[in-house]
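Undergrad: Following the hints, complete the assembly by docking chain C onto the known chain W.
Each chain, written out:
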Amino acid sequence: MSNDSTTVNRIAEIIINELKLEDVTPATFDPDLDLVDEVGIDSMDLATIALRLRDEYGIRIDEDDYPKLTTVRIIAAYIDEKRQAGE
Amino acid sequence: MGENRYTFGDIIGDPVIGERFQKVRDYFFLRESTYDMTSRCNVRCEGCYYFTGEKQNTPDNTNPEDWRRLLTAEKERGITFVVLAGAEPSLVPELCAACYQVIPLGAIATNGLKPIPADIDYRIHISVWGNDATSLAVRKAPDMLARQIDNYRGDPRAVFVYTFSPVNIDQAREVTELLAKNGLQITFNMFSAPVGYTGPLRHTSKTLARTRRVMTELLAEFPETVLFSPYNILVHTEEKGLHDLFSCSYPRMNPSTAIGLGRSFRQYRTNLAWDRDAACCVPDTDCEDCRHYAAGSAVVTARMYRHADNPRSFAAWLDYVDTYLAVWVRGYEKGKNLCADPVIPVSDS
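Taken in order, these protein sequences are the chains called W and C.
Going by this note's numbering, the final residue of the first sequence carries number 465, and the count climbs one at a time with no gaps.
Going by this note's numbering, the final residue of the second sequence carries number 1642, and the count climbs one at a time with no gaps.
Everything labelled a hint here was simulated from the structure, so no lab data went into it.
Dumping the calculated DSS-like pairs for lysine-lysine here, alpha-carbon to alpha-carbon at most 27 Å:
| no. | chain 1 | residue 1 | chain 2 | residue 2 |
| --- | --- | --- | --- | --- |
| 1 | C | 1407 | C | 1474 |
| 2 | C | 1533 | C | 1499 |
| 3 | W | 398 | W | 446 |
| 4 | C | 1368 | W | 398 |
| 5 | W | 398 | C | 1316 |
| 6 | C | 1407 | C | 1433 |
These numbers were taken from a predicted model, which means no experiment stands behind them.
Isolated chain W, as found in the complex (with noise of 0.2 Å):
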């Protein structure tokens, strides 16, 4: 699991900027909400959302991976993953 707060931070607040998520700031997200169940992201969402980290971070975003990436605390450690393997 990711200990990068900055990059847990980044993450959330592209999901609120892309989610247009009103009452809560990348400080006040909770990093282990479950992203599908508790937020309503839906895979269209999560489309935009791993292009705005791929513009952001440098990596790619397998498709097939979609289904993990359940909270923002996995997203991070994910593309934590992707920058030590140099992708």
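TA: Chain C only, in chain W's frame:
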């Protein structure tokens, strides 16, 4: 991703592409399920998906209150768009009305021989399998197109769905001309063989190429009548079927229940039951031969990410989604196609 020359921000930073993306994005909330309404039909068409497999033997639930309860439960679990299909929904208008009263966005697939009441304001897809001589041979019904046009002339709900098969490719022109004269719209479908089908309607390499040529001509000549795009043509006339090209996301071919269609899509039978192992938009279709328009509407649309490597590919995807929305959603107006020379991106998953 080092080779990528474009970021997503670059791509949607183009004003034309960005505007179109926002237009289609407003419909990302659509979550569909499909419903067989009755086991009855007033025609018997060769290669009909409904009268293949076991589902044709399912008993009918004809109680509108049961349907209303089902749709209410569907709405509660997040379904926002319904497709009322097999065998012939126009024979059970009271059930269609019950669905419409609960979930007001949807489409009905019909043969068009019996008008659907005007107060059911879904998009209505009227199936056409050729000119009237071919319809008589394949569907055993006389004067089909004339009767369909009489029933739906001037009806903004209507879009005619021409299913290309090897025996009717050259008839698409006369059908399109006739619909254009009557101010009606048409979109294109591909015959996709049911499991075990060995008849003459299954496409071959040659008929796919011929279909591509005819679709291209008709789209160019009848841009106000034909709801389609160059990318739709490319995708649906490829030698590979939709599953091979895009990895189908319907439950029947997608074991994941985490997100998207694998999580939310259900295909209900006429007894209001569903089976995840069989659930897709056209059950009992041979997945290797599936080029069905309904399948593409979900399967291609879901693959936004892989189309977002460059403006051309993303514009082609936007054309496809814009077409899908115009065909399926009442009141959605199709824009001008943005990409004239698309290519199909490969997945790097």
